[in-house]
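Trainee: Sequence:
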Amino acid sequence: MAPLLEYERQLVLELLDADGLVVCARGLGADRLLYHFLRLHCHPACLVLVLNTQPAEEEYFINQLKIEGVEHLPRRVTNEITSNSRYEVYTQGGVIFATSRILVVDFLTDRIPAHRIIESCQEAFILRLFRQKNKRGFIKAFTDNAVAFDTGFCHVERVMRNLFVGKLYLWPRFHVAVNSFLEQHKPEVVEIHVSMTPAMLAIQTAILDILNACLKELKCHNPSLEVEDLSLENAIGKPFDKTIRHYLDPLWHQLGAKTKSLVQDLKILRTLLQYLSQYDCITFLNLLESLRATEKAFGQNSGWLFLDSSTSMFVNARARVYHLPDAKMNKKGKMSEKMEIKEDQGILTRTVSSVIHDHASNLLSGLYSRRLGVYFI
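Numbering-wise (full-length UniProt numbering), the sequence shown opens with residue 1 and increments by one.
Take these hints with a grain of salt, some might be off.
Straight-line Cα separation of at most 25 Å, PhoX-like style, residue types lysine-lysine; simulated pairs [as the list claims (entries may be wrong)]: (1) K216 / K260; (2) K267 / K216; (3) K219 / K267; (4) K133 / K167; (5) K219 / K242; (6) K216 / K242; (7) K258 / K216; (8) K260 / K219; (9) K242 / K260; (10) K135 / K167; (11) K242 / K258; (12) K267 / K242; (13) K258 / K219.
No lab work stands behind these hints, which were simulated from the structure alone.
Generate the whole structure from the sequences, applying the supplied hints.
Mentor: Given below as structure tokens:
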């Protein structure tokens with residue numbers, strides 16, 4: 001892995017002095033910070049526990065440390081390791097990736113030698129047990145999801161209280177150290193807008209019509225809800241689910257099955273609207289077919305599956321995958337597979353080809369200039 005940048009080095013030095021919660025902007029390299037902390041403690045003399053990591057992330061960190069030539073690589077504690085064997089794993093020291101469920105059991109049964117632990121977990125109960133058994137071990141938390149802290153009342157304070165840390169490290173992009181470094185290496189940004197195909201536009205219009213119908217029905221069943229918040233424009237935004245839950249959570253146990261079904265339908269429709277531009281035509285069609293075939297999910301639905309817009313959505317989704325040729329070309333009228341090619345794939349191919357061509361041209365120009373220089377000498 002590349003060496004630490006200037007602002008990353010400054011953050012590491014500050015975090016080494018005092019425990020705390022690091023909240024940095026996306027793209028600033030929270031994984032690089034965690035990697036360097038893991039590398040510092042890959043030694044049998046200490047025990048470092050790391051929680052809330054995915055298997056892919058664990059594999060990435062282990063491979064990077066292996067490339068760097070680290071001898072005592074991190075290990076994983078899974079269900080395959082027996083409870084008696086886990087104590088031996090802990091006593092061997094080093095960095096250990098473990099799940100919160102396993103650590104809770106091992107803490108309560110005193111299998112973990114807490115006097116040797118010097119790393120943190122993000123689970124409040126585990127940290128409470130950790131602090132009861134070890135008053136000197138350090139706790140450090142990393143996240144690049146700053147948006148998650150803007151909900152609720154005193155969310156950051158509650159998280160820091162559960163983490164048993166007293167210092168907050170905020171590193172946005174407009175931080176002096178970060179901004180001064182990024183200003184020295186400004187990238188050249190080229191925006192490429194990908195347009196939707198006619199079938200995708202028809203599906204998008206149909207989903208928006210169904211969303212509007214579900215919102216109107218939700219307003220009829222719950223007149224007390226704010227009309228401005230239940231608009232189609234707000235339904236497209238990301239915080240719409242939180243807005244609905246904010247109004248309905250206090251009365252959720254009093255709501256009928258119809259209202260709960262409508263809330264679930266809104267969530268599904270918003271997901272379809274998002275997946276329309278992300279999935280290919282086959283995957284999106286399979287998703288629609290599975291939703292229609294699931295009687296349990298739509299047994300008491302709001303009836304939007306029987307709307308004309310729903311029919312248009314399914315028809316256009318099939319048209320993206322299958323093609324019905326003319327009668328002259330095929331007398332039997334059978335459908336043939338003629339999948340719709342995603343526009344972004346073609347644009348990506350042309351962009352990569354252009355980049356390769358530009359780099360090749362620059363390389364040839366440089367070589368040609370060098371040869372000319374030799375000839376002139």
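Trainee: All hints, please: hold or fail.
Mentor: Okay, the hints, checked on the actual structure:
no. : hint        : result
1   : K216 / K260 : holds (14 Å)
2   : K267 / K216 : holds (15 Å)
3   : K219 / K267 : holds (16 Å)
4   : K133 / K167 : holds (22 Å)
5   : K219 / K242 : holds (17 Å)
6   : K216 / K242 : holds (19 Å)
7   : K258 / K216 : holds (13 Å)
8   : K260 / K219 : holds (13 Å)
9   : K242 / K260 : holds (15 Å)
10  : K135 / K167 : holds (17 Å)
11  : K242 / K258 : holds (19 Å)
12  : K267 / K242 : holds (11 Å)
13  : K258 / K219 : holds (12 Å)
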